[in-house]
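Undergrad: Chain residues, written in single-letter form:
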Amino acid sequence: MSSIIHGAGAATTTLSTFNSIDSKILVAPSRTNLSVRSQRYIVAGSDASKKKFGSGLRVRHSQKLIPNAVATKEADTSVSTGHELLLFEALQEGLEEEMDRDPHVCVMGEDVGHYGGSYKVTKGLADKFGDLRVLDTPICENAFTGMGIGAAMTGLRPVIEGMNMGFLLLAFNQISNNCGMLHYTSGGQFTIPVVIRGPGGVGRQLGAEHSQRLESYFQSIPGIQMVACSTPYNAKGLMKAAIRSENPVILFEHVLLYNLKEKIPDEDYICNLEEAEMVRPGEHITILTYSRMRYHVMQAAKTLVNKGYDPEVIDIRSLKPFDLHTIGNSVKKTHRVLIVEECMRTGGIGASLTAAINENFHDYLDAPVMCLSSQDVPTPYAGTLEEWTVVQPAQIVTAVEQLCQ
Amino acid sequence: MALSRLSSRSNTFLKPAITALPSSIRRHVSTDSSPITIETAVPFTSHLCESPSRSVETSSEEILAFFRDMARMRRMEIAADSLYKAKLIRGFCHLYDGQEALAVGMEAAITKKDAIITSYRDHCTFIGRGGKLVDAFSELMGRKTGCSHGKGGSMHFYKKDASFYGGHGIVGAQIPLGCGLAFAQKYNKDEAVTFALYGDGAANQGQLFEALNISALWDLPAILVCENNHYGMGTATWRSAKSPAYFKRGDYVPGLKVDGMDALAVKQACKFAKEHALKNGPIILEMDTYRYHGHSMSDPGSTYRTRDEISGVRQVRDPIERVRKLLLSHDIATEKELKDMEKEIRKEVDDAVAQAKESPVPDASELFTNMYVKDCGVESFGADRKELKVTLP
Chain A
0 MSSIIHGAGA
10 ATTTLSTFNS
20 IDSKILVAPS
30 RTNLSVRSQR
40 YIVAGSDASK
50 KKFGSGLRVR
60 HSQKLIPNAV
70 ATKEADTSVS
80 TGHELLLFEA
90 LQEGLEEEMD
100 RDPHVCVMGE
110 DVGHYGGSYK
120 VTKGLADKFG
130 DLRVLDTPIC
140 ENAFTGMGIG
150 AAMTGLRPVI
160 EGMNMGFLLL
170 AFNQISNNCG
180 MLHYTSGGQF
190 TIPVVIRGPG
200 GVGRQLGAEH
210 SQRLESYFQS
220 IPGIQMVACS
230 TPYNAKGLMK
240 AAIRSENPVI
250 LFEHVLLYNL
260 KEKIPDEDYI
270 CNLEEAEMVR
280 PGEHITILTY
290 SRMRYHVMQA
300 AKTLVNKGYD
310 PEVIDIRSLK
320 PFDLHTIGNS
330 VKKTHRVLIV
340 EECMRTGGIG
350 ASLTAAINEN
360 FHDYLDAPVM
370 CLSSQDVPTP
380 YAGTLEEWTV
390 VQPAQIVTAV
400 EQLCQ
Chain B
0 MALSRLSSRS
10 NTFLKPAITA
20 LPSSIRRHVS
30 TDSSPITIET
40 AVPFTSHLCE
50 SPSRSVETSS
60 EEILAFFRDM
70 ARMRRMEIAA
80 DSLYKAKLIR
90 GFCHLYDGQE
100 ALAVGMEAAI
110 TKKDAIITSY
120 RDHCTFIGRG
130 GKLVDAFSEL
140 MGRKTGCSHG
150 KGGSMHFYKK
160 DASFYGGHGI
170 VGAQIPLGCG
180 LAFAQKYNKD
190 EAVTFALYGD
200 GAANQGQLFE
210 ALNISALWDL
220 PAILVCENNH
230 YGMGTATWRS
240 AKSPAYFKRG
250 DYVPGLKVDG
260 MDALAVKQAC
270 KFAKEHALKN
280 GPIILEMDTY
290 RYHGHSMSDP
300 GSTYRTRDEI
310 SGVRQVRDPI
320 ERVRKLLLSH
330 DIATEKELKD
340 MEKEIRKEVD
350 DAVAQAKESP
360 VPDASELFTN
370 MYVKDCGVES
380 FGADRKELKV
390 TLP
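Those protein sequences? They're chains A and B, same order as listed.
If you count the first sequence from 1, position 379 lands on 378 in numbering that gives the first Met the number 0, and the numbers rise without skipping.
If you count the second sequence from 1, position 279 lands on 278 in numbering that gives the first Met the number 0, and the numbers rise without skipping.
Everything labelled a hint here was simulated from the structure, so no lab data went into it.
Hints may contain errors.
[To be verified] Derived coverage of chain B by chain A (criterion: at least 3 residues anywhere in the stretch with Cβ under 8 Å from a Cβ of chain A; other residues may be distant): (1) 65 to 77; (2) 139 to 150; (3) 175 to 187; (4) 262 to 270; (5) 364 to 371.
[As the list claims (entries may be wrong)] Only part of the chain A face toward chain B is listed, based on derived beta-carbon distances under 8 Å: (6) Thr190; (7) Thr383; (8) Leu384.
Even glycine gets a Cβ: it sits at the ideal position worked out from N, Cα and C.
From just these sequences and the hints, can you work out the full model?
TA: Here it is as C-alpha cells:
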C-alpha cells in the first residue's frame with residue numbers, strides 16, 4: 000500500500016510532509032498555503048480490491064484525504080503518464096473502479112444495463128457485472144429511487160441514475176423525505192450511502208422539460224450533499240468520492256459536457272466532495288461558477304485578460320455545502336465577486352451563494368455581489384431564444400467591467 | 000353477521016365447561032409448547048394462488064404470548080391517548096388499537112432477519128419487533144432516551160438490530176423502500192423476506208404499483224401487506240377505491256385476503272406468504288382489520304362512522320377478546336389469571352410512562368448531530384467553515 004503525493008506547479012509550496020501509511024491523522028493545511036498553485040494527487044494502494052467486505056463493512060485504510068482548499072488540475076507537465084479520455088468515459092471508469100472495489104455498489108436506472116446508458120456512462124458494465132448489479136428499471140423514478148434508498152438502508156451502495164435530472168422531480172418525495180432525512184429521524188441508526196446522478200442543465204434545443212436545473216430545487220433538502228462535475232478529472236474524482244461517502248450525494252452532470260476530452264492520471268485518486276477548485280488565480284475579481292458555465296467564464300476570461308483584467312475563477316464544485324473557506328479567502332483577496340450560474344435567477348444556487356457571501360464576508364466587499372443567472376423562463380426551443388436564456392461570455396465581460404470600475 | 004352468531008354460540012358452550020373444572024387439576028401451561036391445532040373462524044380468499052389451510056398449528060405458550068403482547072400493545076396505545084390529551088405528546092399520534100392481532104400474528108410467523116417496514120401507525124409494530132415500552136414512550140414525548148433520540152417522534156420509530164425499518168410519514172412512500180429492502184435481501188442472498196405494510200388509503204398510490212411491477216419482474220422476496228381498516232382517515236374504502244378488493248389489485252401478483260383480527264389467521268397467512276415469496280416472488284396480503292381510535296388523535300373518529308359500528312366491532316371481533324376466549328375454552332388459563340396478567344401489564348406500562356416522563360430532553364447540541372455521517376475522518380465545519388464547528392458522529 001503506498002501513498003504518494005506530487006507537488007507541482009508554482010514552486011514555493013509550504014506543504015508539510017505527509018506521513019502516509021501509518022498516519023491516521025489528516026494534515027490540515029496551514030492558511031498560508033492558499034494562494035499557491037499546486038497539484039496534489041492521493042494515490043491509494045491497489046490491494047484494496049482483494050479485501051473481503053462484510054455487509055456494511057467499509058475499508059478505509061487506503062484513503063487519506065487532504066481537505067485542502069486549493070487544488071488545481073493544471074500543470075499536466077508533472078505527470079508523465081496519464082490517459083486521455085472523454086468525460087463520460089471518466090465517469091464510467093470511476094464507476095467501474097468502485098464497483099470492482101466494493102461488491103455492495105450497484106447501479107440502477109433506466110436503460111443503464113443492456114442499452115449501456117443513454118449517455119454511455121454505464122456502457123459495458125452490465126456485461127461485466129451482471130444483471131443484479133447493473134439493473135435496468137422500468138420507467139418509475141419514484142419507485143426505483145425509493146428502492147435504491149431502501150436498499151441503502153441495509154448497507155448496499157446503489158448509484159441511481161436519472162436519465163435526465165428533470166425526471167427526478169417525480170422522485171422528489173423519496174429524495175427529500177427518505178434520502179435526506181432518514182439518518183436524522185432514525186437517530187443515526189440508518190445511513191443512506193446512495194449516489195443520485197444524471198445529466199441536467201440546458202442542452203442544445205432540448206425543450207423546456209428536458210433543460211431543467213434541479214440543483215436549485217434540491218438545495219434546501221437537509222442531509223444531502225450536492226456536487227457538480229465539470230471536467231473529466233473532477234468527474235471521475237467526484238464520482239468515486241460520492242460512492243465512497245456514507246452520506247447521500249447528488250452528482251450533477253451536464254448534457255453538453257459529456258464529450259470533453261482531457262488527460263487524467265492513471266493512479267487512483269478521488270476529489271474532496273466539499274472542496275472548490277481554483278481554475279485560474281487572479282487579483283482583480285472573484286468569479287464563482289460551476290458546471291458548464293465554467294467554460295463560458297473561461298472564454299470570457301480570455302477576453303478579459305486581453306483587456307487588462309486579472310479575474311480569479313473558482314469552480315465551486317460543491318453546491319451543498321458551499322466551500323466558503325476557499326471562496327472567503329478569494330473574496331478577502333479581490334474584494335469583488337461575480338457569480339455566473341445556469342440556474343434561474345429566482346431561488347437558484349447563485350441566490351443562496353450571494354446570501355452566504357453577503358452574510359459572511361460583507362466587510363471585505365468593495366462592490367455588491369453580482370449574480371448572472373439564466374432568465375426566469377421555461378427554456379425555449381428556438382436556438383436564438385435559448386441562447387438568450389443562459390449567460391453568454393459577452394455578458395460576463397460586461398459584468399466584470401462594470402464591477403471593476 | 001356470521002361472526003356474531005359464531006361468538007355467541009361459543010359463549011353459551013364455554014361458560015359452563017370452565018366453572019365445572021376444579022382449579023387443582025388445571026394444567027400450568029405457560030411453559031407448555033405442545034402443539035394445538037385451531038381452525039380459523041373465517042376462510043382465506045385467494046387470488047392466483049392456493050389458500051393456506053384453515054388449521055393453524057400453535058401451542059398454548061404461543062396463544063398466551065399473543066394475549067400478553069396484545070394486551071401490552073393495547074395498554075400502550077391507551078396510555079398514549081391519555082398522554083396526548085395531557086399535551087405530553089404533541090404533533091401527530093396515530094394509534095393502533097384494534098389492529099394488534101396483525102403485529103403479533105406476523106411476529107409469530109417470522110424471524111428477526113425478516114424485515115418489516117410500515118407507515119406512521121408504527122408504535123405496536125415497534126413493540127412487536129422487540130422495542131421497549133420506555134423507548135417508545137420517551138420517543139413519543141420527545142426525550143433523549145427515545146428510540147430515535149427524540150428526533151423522530153411518533154411517526155419515526157426504527158429498530159435496526161431487529162430489522163424494523165420504520166416508521167414513515169408520507170403515505171405509501173415506504174412501499175418502494177420495502178421493495179428495496181427485499182432487493183437487498185436478494186442481492187445478499189439472505190433467505191429472508193420483507194413485509195411492507197401500508198393502509199387502504201395508500202393502496203391507491205401509484206408508487207405501489209410501480210414497486211410491485213419491479214418486484215414481480217425481478218422476483219424479489221417482498222410481501223406487501225395492506226392493513227385494510229376500511230377508512231383512509233375520513234374516507235371509507237367504498238368512496239376511495241373503485242375496486243376495494245385490495246388483494247386482487249396486484250393483477251399478475253397473487254394475493255390473499257385474511258381476517259386481520261384473528262392473530263392465528265394472520266400467523267398462518269404470513270407463514271404461507273414467506274414461503275411463497277422466497278420461491279416465487281411478491282405476494283399481496285390484505286388484512287381485514289379495524290381501528291377503534293380515529294385516524295390520529297386529532298380525528299374524533301366518529302364523524303365518518305357511527306359509534307354503534309365501533310362498539311359493534313369491539314364486541315364481536317376484538318382480537319384480544321378472541322384470544323381470551325381461546326385461552327379460556329382450551330383451558331390454558333383462568334379468568335382470574337388473565338385479569339392478573341392484565342393488571343401486571345397495566346402496571347408495566349404505567350411504570351414505563353413514569354420512567355419516560357423522568358427522562359431528559361435532548362441538549363441543544365443534538366440539533367446538528369446525525370445530519371451527516373463522519374466521513375474519512377474529516378471534521379466538518381458546517382457550511383461556512385467558521386463558527387458552526389460540529390464533530391459529526
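Undergrad: For each hint, tell me whether it holds in the structure or not.
TA: Okay, the hints, checked on the actual structure:
1. Figure legend: the segment 65 to 77 of chain B, annotated as covered by chain A; annotation inconsistent (0 residues with Cβ-Cβ distances under 8 Å, at least 3 required).
2. With a threshold of 8 Å between beta carbons, the proposed coverage of the segment 139 to 150 of chain B by chain A holds, since 6 of its residues qualify and at least three are required.
3. Beta-carbon proximity to chain A at under 8 Å applies to 12 residues in the segment 175 to 187 of chain B; the threshold of 3 is reached and the given coverage holds.
4. Given as covered by chain A, the segment 262 to 270 of chain B fails the check, having 0 residues with a CB less than 8 Å from a CB of that chain where 3 are the minimum.
5. Judged by the Cβ-Cβ criterion of 8 Å, the segment 364 to 371 of chain B is covered by chain A as claimed, because 4 of its residues qualify and three suffice.
6. Residue-level restraint check for A/Thr190 holds (minimum Cβ-Cβ distance to chain B is 5 Å; threshold 8 Å).
7. Evaluation of the A/Thr383 hint against chain B yields a violated restraint, the C-beta minimum of about 39 Å exceeding 8 Å.
8. At a threshold of 8 Å, the smallest CB-CB gap from A/Leu384 to chain B is about 35 Å, leaving the interface hint violated.
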